[in-house]
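Those protein sequence lines, which keep their order, are chains P, H and B. Note that my numbering has the first sequence beginning at 1, numbered continuously upward. Note that my numbering has the second sequence beginning at 1, numbered continuously upward. Note that my numbering has the third sequence beginning at 1, numbered continuously upward.
Keep in mind that the hints were calculated from the coordinates and are not lab data. Using N, Cα and C, we set each Cβ at its ideal position, and we do this for glycine too. There are no misleading hints in this set.
Chain P stretches covered by chain B per the calculated footprint, using a threshold of three residues with CB under 8 Å from any CB of chain B:
hint : stretch
1    : 62-73
2    : 85-98
3    : 191-205
Not the full set, but computed from the structure, chain B residues with beta-carbon under 8 Å of chain P:
hint : residue
4    : Q38
5    : P45
6    : G131
7    : K132
8    : R134
9    : S220
Away from chain H, derived, C-beta distances all over 10 Å, residues of chain B:
hint : residue
10   : R3
11   : S51
12   : T65
13   : N69
14   : V167
15   : A168
16   : E171
17   : D176
18   : G177
19   : Q182
20   : P190
21   : P194
22   : F197
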Amino acid sequence: MRLIQKVMLLLLCLAMTISLSCQTVLAEKQLDIKGEIVVWYAGASESRVELYQWAKEKIEAEYPGTTVTLEVIPMAELASRQMTACQSNMGPDVMSQPIAATNGFMKLGLLEPVNELMQRLDRNLLEEFNPDFFELMREGDTLYGVPQSRTALALVYNKAMFEEAGLTEPPKNWNEVQEYAKQLTKKDNEGNTVVYGLGLPGTSGSHIWYRIIPEIWGAGGDICNSEMTQATLDSEATKKALEYYKSFYENGTAPRSMVENDQTATSQMFASGAVAMTIENVTWIRNNVVRENLFDVGVALYPGMNGTNVAGLGGWNACIPSSAKNKEGAAVFIDLITSKEGMEQQLLMPALTEVLEAGDWTDDFYGPYSKMLAEYSRDFPAFENAAAAQTVIMNMVQSILTDSADISSAIASANVEIQELLDQQNVE
Amino acid sequence: MFTRLLQALKKERVIYYFIPAAIVLSSLAVYPLLNNLWLSLHTKTGKPSIANYSRLFKDKWFWNSIAVTGKWMLLSVTGELLVGLILSNLINLRLKGTKLFRTILMIPWMTPMIAVCTIWAWMYNGDFGILNYGINQLFGTNILFLSKPQTAIVWLSVVYIWKRSSFNMLMYLSGLQGISDDIYDACKVDGAPWYTQLFKITLPLIFPIIRSVLLISIITAINQFTIPYSITRGGPSRSTELIQMYIYNTGIAGFQYNYGATASTVFIAIVLCLAVVYIFVTDKAEEDIY
Amino acid sequence: MKRVKWLRNVFAYALLAVFLLAALFPYYWMITSAVRDQADLFAIPPKLFSSSVSFDNFTYVLQKTRIPNYMLNSIITASLATFMCMVVSLPAGYALARFSFKGRNLLSSSIILFKLLPQSAALIPLFIVIGKLRMMDTHFGLSYVHLFSMVPFAIWMSRGFFKTVPVAIEEAALIDGCNKPQAILRVVLPITGPGLFSVGVYAFMLSWEEFIFSYTFTSSRAKPVSVGIALFLGEDANLWGAVMASAILMGFPVLLVFFLLQDHFIKGIVDGAIKG
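Chain P extracted, bound-state conformation (with noise of 0.2 Å):
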């Protein structure tokens, strides 16, 4: 009889976990129920969070009878989350992607225009964000998202390493930052490197796009044509840019470990006081540095070849896609968390002009980034597999640190599978 008593108990037990997770389930095929407004948005940065509670308190209260869902993806799987759910027509009603993401999913016919549902709650789109933020998610006059923020990289520094080398201005250009990075390089006796000048990204596909193309930028190259049908890769700037970018690593003053490292571990280096400078996002930098209050940091622009480089934009566009429910409501989600005052509670830099140009964004520490942002970024070219050609990216770089390939070849293998990409989504 024991036996049977303990069996009967752990089959209950077993119950009650499955209801439990039955409930999940269920909880799911609610989506349909009329007035939710599913939002599905990145878990990256815990600041998020509060402005988007924000928005769903606000909206549930003065609307009664509408329920939000916020649902938390994370960063590393958000792409093919939505990608998945949108073209299987099981979308949410409001998501938010990075600003790569966008073209995409416009091009395949999975967003829905927002043009004419944002001027019903009286938005004006092309005058309340700079127009250029809306290249890569038009067709004509016919929009298909709503810039949330807009970032661009700009050099960041430890200042008192700074002094202490007896350096007084950031560096501007490519020689500075080689010389600098020297002179900030610090031995023990035994000959251990404890600090680093300059911190590079050696690995992670998107953390090394975002770092050699603005360079390959700078020295007058790009990855492809503007029609984006032919590859461009193999030429002198993509040779000079590489060069540039190994000779931290070849002569000691980037991180041995630097293959191994992606931006986010660079940067926890920078945090560390392993690493002198680094070339990093705002949001990182302000969470992890500023205010942890772990030492004063210095901004400036980007250094280029000869001068502030162009950096490619980053940030986060809300779309609705075509498949949503909920359209109206994904609209007025979408219209508080873009509005000022929503835009206020944003964390990084906000994309709405009038926001971005007020208060804290222009001091010292955001200063140059808005000014990076204002003046000197651009759109990375929309690749339709996006992945791809960033390992292809990033494989070229390391074959170029690890001394696997010279740099000639690896270039012009680089620029075959570039080309590849290009003829694959041309022909599609």
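Chain P is already provided as a structure; the job is to place chains H and B on it using the hints.
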């Protein structure tokens, strides 16, 4: 009629016991296999075509991942086999404290793979890693564990061997313990040297066990994703991109379901051929031994 | 002769010591890394012995990250998967051990074939189907796909344990007036109980540490801790100390269960892998 049917159903039949497992396995394994084949023979838009195959056979990164997987299997399977054999023989000496030693040696195997990977990635780190510093100090070398495309796969296989060897140890131990001491004593009386003992008695007697353990090892090694994904992301220069990572990257992360399915179909064909050959060859070897 | 044996033992102990050190050192490094402060953690060159001891990393992981949620997800998923796995596999294992019928050998070998299938073989079709069934990122969906690798192993292991029950005992129970379910419940299960329990524990472990399916089929609500730790490195901060702390939190429960059950467990694994 109905009652008769019910009666017929009530009778105990062997097949009833297999129905649940059959449902689960066909939905999780048989269906995907067929679906892979179907997907691989169609384009993205659903037109029948063999374009995926012709593209795959020309794709140098697919062949790269096959070659990397081959290298990986060679390193990790032989590694765990050797270390497992050494450990089991050590434990089988029945020294004092053996049970404690066995338990300690089992700890790596019981640790979740992702935890193992994070520890090793941190120990290998080129700046802050204790292994990086310690080994280079001790031997006066300048090894960068994860930054050389030629050798990164070796250091990844060390992680794998570290985690998996004690499983092999357990298996071989169960075989060794089945060999009675009389046989060894007889051998000793004959004055045979230790290697004769090893090759003429121990290895042949545990051969059936080596055979099944080796099969498990090969499959587990082929199935590896966590180690390259979390330690090197397949790098540097795609030198540690195992086939599972290739399929994930092209098929799921790159949204090319049909193309990814083609890669898995070809890969499954290779695995099944290998398995058949393996079973055939080892069958033959077993016959030769006895 | 005695001298030779003595020498052999010294040599064996020395070799064992090397292996034990290799097995344990990574844990030393993991634990000390988890309790170091940032300055010691990021010291160049690394310090073998740390002067600082702080539990900040643990409080950080438990209070400020989603690791506790992921642990809960893992517990739910793994329990559910283990339950389903046992329900599905035990009858099959029992039948394979007990009945002789036409095609039994064929069936046994096809189960080996299922063990041989790489997970990536099923990845893309399951990704599409799970998406269409709206089971993406649910505990049930994840635990169901975990059965892919759990069921073949569980059938195989449980078969080994059922074989240890003499048929005569079961027949005696049937003669005593038990019906078949009663006979199984009262006679077979008590004998095989500990063994089957180890099957369950092993199945639980497989689900607990599974990575590629978990990574593909979850995003936020059902994300298990194995994926949570891996993505830790890519998210906001690359906090090695916190990663080590969460790796300890993830590994601890499994190791605890292992220490409590190791004898049964080892027997089950060995029988399941070899004797089949």
